[in-house]
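There are 2 protein chains.
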Amino acid sequence: MKTTVALGGGVGAAKLLRGLAKIISPPNLLIIGNTGDDFELHGLHISPDLDIVMYTLAGIVDESRGWGIKNDTYNALGMLSKLGFEVWFKLGDKDLATHLIRTKLIKEGITLSEVTARLCKMCGVKAPLTPMTNQQVRTKIVSNKQTIDFQEYFVKNQTRNRVTNVVYEGAGKAEPAPSIIDAITEAKRIIICPSNPILSIGPIFAIPRIRQAIQETKAEVVAISPIIAGKALKGPADKILASMGYEPSVQGVVKYYTNLIDRMIIDKADEAQEDKIQNLGPNVTITNTVMKTLEDSIRLAQVAIKPG
Amino acid sequence: MKTTVALGGGVGAAKLLRGLAKIISPPNLLIIGNTGDDFELHGLHISPDLDIVMYTLAGIVDESRGWGIKNDTYNALGMLSKLGFEVWFKLGDKDLATHLIRTKLIKEGITLSEVTARLCKMCGVKAPLTPMTNQQVRTKIVSNKQTIDFQEYFVKNQTRNRVTNVVYEGAGKAEPAPSIIDAITEAKRIIICPSNPILSIGPIFAIPRIRQAIQETKAEVVAISPIIAGKALKGPADKILASMGYEPSVQGVVKYYTNLIDRMIIDKADEAQEDKIQNLGPNVTITNTVMKTLEDSIRLAQVAIKPG
Chain L
3 MKTTVALGGG VGAAKLLRGL AKIISPPNLL IIGNTGDDFE LHGLHISPDL DIVMYTLAGI
63 VDESRGWGIK NDTYNALGML SKLGFEVWFK LGDKDLATHL IRTKLIKEGI TLSEVTARLC
123 KMCGVKAPLT PMTNQQVRTK IVSNKQTIDF QEYFVKNQTR NRVTNVVYEG AGKAEPAPSI
183 IDAITEAKRI IICPSNPILS IGPIFAIPRI RQAIQETKAE VVAISPIIAG KALKGPADKI
243 LASMGYEPSV QGVVKYYTNL IDRMIIDKAD EAQEDKIQNL GPNVTITNTV MKTLEDSIRL
303 AQVAIKPG
Chain S
3 MKTTVALGGG VGAAKLLRGL AKIISPPNLL IIGNTGDDFE LHGLHISPDL DIVMYTLAGI
63 VDESRGWGIK NDTYNALGML SKLGFEVWFK LGDKDLATHL IRTKLIKEGI TLSEVTARLC
123 KMCGVKAPLT PMTNQQVRTK IVSNKQTIDF QEYFVKNQTR NRVTNVVYEG AGKAEPAPSI
183 IDAITEAKRI IICPSNPILS IGPIFAIPRI RQAIQETKAE VVAISPIIAG KALKGPADKI
243 LASMGYEPSV QGVVKYYTNL IDRMIIDKAD EAQEDKIQNL GPNVTITNTV MKTLEDSIRL
303 AQVAIKPG
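The listed protein sequences correspond, in order, to chains L and S.
Here the first sequence is numbered in the numbering used here, starting from 3 and rising by one per residue.
Here the second sequence is numbered in the numbering used here, starting from 3 and rising by one per residue.
Hints are supplied without guarantee of correctness; some may be wrong.
No copy labels: a pair is met if it fits in one copy or bridges any two.
Keeping only pairs whose Cα atoms sit at most 20 Å apart, straight-line, the calculated EDC-like set for lysine to aspartate or glutamate is [to be verified]:
#1 106 to 42
#2 123 to 88
#3 109 to 269
#4 109 to 64
#5 308 to 298
#6 158 to 269
#7 106 to 88
#8 84 to 64
#9 92 to 74
#10 109 to 42
#11 190 to 222
#12 158 to 297
#13 308 to 269
#14 142 to 188
#15 24 to 276
#16 241 to 151
These aren't lab readings, by the way, just hints derived from the structure by calculation.
If you're wondering where the values come from, they're calculated on a predicted model, not measured in any experiment.
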């Protein structure tokens, strides 16, 4: 039985998960990764959020960037550029191995959840990581009248577009990957990692059966705010919250998670917000949420698993 | 109209072709490349013989090996190895770009001949290069009772297997790629490059309409022997000829090309064989056939295009 289910995507999630994986043994843990960022590039199926988590847990992530594999080179990319292709998405040469394997297995008809399990095993990652679904969900950014693919917005345009809406294409009809609903139902705790609520967690909650299971579970659902003192530690979470009509603050995050969370973990910098958050419903835990070292990650994971 | 059609595959062919491409202008030339060596690896469609020719004509080949791209790295391969995959086929990181593009375009339903034309254009190669067919032909090595994929025999096993037969799977039903038959019919000369007769030229001749067109054309068909003084300059041509019942000599090559060639270019080292070859049918031109420099390649190409 899974005691702990964690939902996340991106660098903030990976940082918490490397701590969580140290204190919850693999059979008791399930990590649900966002695949709304997945896309096809040069014929490869790329799952950026799953890879960030996998590389981090495998201890091979490029820590300075939080994504990709350390000491990687970019010679395939350089050649693609010489041949006339756009290379704004930084595919490392080592990283390509993962995408090649994933693409090949998917082409052979193997589900993304099985592919992810195999890749994790190959990388020596014991903590079970699953995509949120085996079906295609694609996060799209609406900027005024234009709809942009997520990676184009996020990587190519460096989040410069003014976001007027975020759409999770395919999510409404997507089924959760195997084991997700059982795990959410049986778990003692659900942890929403300090990820971008709209871009990394939003796609997961956009799958109706996952959202419903989270709302119905008896587990404590605890979220860690990715916003500290009105700013995202990394990425555009603050900007996107504001664009979508949420205050770029811990309160904005709590409002986005309305009816979904029991407890909110906020940074000491936001101590003054405690009452306002409690008025919105959830309990509040105040701690240091910035994770610089593995010890920081373990300590924050311990706060997350301690019943509020 | 094509005045010159060249058939080949592998390093020997590429060396001649870099000379030929200097003296025959692109609209007058067609290079037909062997695709019997093509295979799928890590989900990629790899066309080793087309790539050797393309990289050589583009001036980016690793000249010390004759294949691959110069100054390439092997980090994707190293990662695949760490993940538990066999990596006996040396895929360079830059080289991967070519395979990614080819695989993607083929998956989109574009023919290999069109893909090859696009890749050549991207690489700046002006000489028209076409695969022998857009259908799948796979050279298989029969070793006693075992049938082995070509690359397994050639690269993995380093040609150690005793060859009892060579089979060109799919060739009997394969159609020539567009423009090949017209070019052979209208050309002034057909040049069979100094490639392995059985492994590189054999698959091309195994396509019935190509073989027939070569037999019927009014063009002079001239072959350059890949065997010098009973030895292959590179690769297992001598061993394979012997295994298949041909003498590993210029005479063996001529016998393999029975009813196909009008003229045979042999090395000065085989001068003494002139009469014996003429008795078998073809005219003979004797010259230096070893190509070390571009000048050697141009000179040999000039001998090849000079009517015998």
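How the hints compare with the structure:
Taking identical chains as interchangeable, the C-alpha atoms of residue 106 and residue 42 lie at most 20 Å apart whether they share a chain (13 Å) or sit on different chains (10 Å). For the identical chains of this complex, residue 123 and residue 88 are inter-copy neighbours only, at 17 Å across copies versus 32 Å inside a copy, given an alpha-carbon limit of 20 Å. When the C-alpha separation of residue 109 and residue 269 is checked against a cutoff of 20 Å, the pair qualifies neither within a copy, at 44 Å, nor between copies, at 49 Å. Taking CA atoms no more than 20 Å apart as the test, residue 109 paired with residue 64 passes in neither setting, with 28 Å inside one copy and 32 Å between copies.
Taking the shortest alpha-carbon separations for residue 308 and residue 298, only the intra-copy value of 16 Å comes in at or below 20 Å, while the best inter-copy value is 77 Å. For a Cα distance limit of 20 Å, the shortest separation of residue 158 from residue 269 qualifies neither inside one copy, at 31 Å, nor across copies, at 57 Å. Only between protomers do residue 106 and residue 88 lie at most 20 Å apart by alpha-carbon distance; the minimum there is 15 Å, versus 23 Å within a single protomer. Proximity of residue 84 to residue 64 under the C-alpha cut-off of 20 Å is restricted to the inter-copy arrangement: shortest distance 17 Å between copies versus 25 Å within a copy.
With identical chains, the CA atoms of residue 92 and residue 74 are at most 20 Å apart both within one copy (11 Å) and between copies (18 Å). With identical chains, the CA atoms of residue 109 and residue 42 are at most 20 Å apart both within one copy (13 Å) and between copies (13 Å). Taking the shortest alpha-carbon separations for residue 190 and residue 222, only the intra-copy value of 6 Å comes in at or below 20 Å, while the best inter-copy value is 82 Å. Taking the closest pair of Cα atoms, residue 158 and residue 297 never come within 20 Å of each other, the shortest separation being 34 Å inside a single copy and 46 Å across copies.
In the homo-oligomer, the alpha carbons of residue 308 and residue 269 lie at most 20 Å apart inside one protomer (16 Å), although the nearest pairing across protomers, at 83 Å, exceeds that limit. When the C-alpha separation of residue 142 and residue 188 is checked against a cutoff of 20 Å, the pair qualifies neither within a copy, at 32 Å, nor between copies, at 54 Å. Taking CA atoms no more than 20 Å apart as the test, residue 24 paired with residue 276 passes in neither setting, with 29 Å inside one copy and 78 Å between copies. Taking CA atoms no more than 20 Å apart as the test, residue 241 paired with residue 151 passes inside one copy only; the shortest distance there is 18 Å, against 55 Å between copies.
Hint compliance for this structure: hints 3, 4, 6, 12, 14, 15 are not met, and every other hint is.
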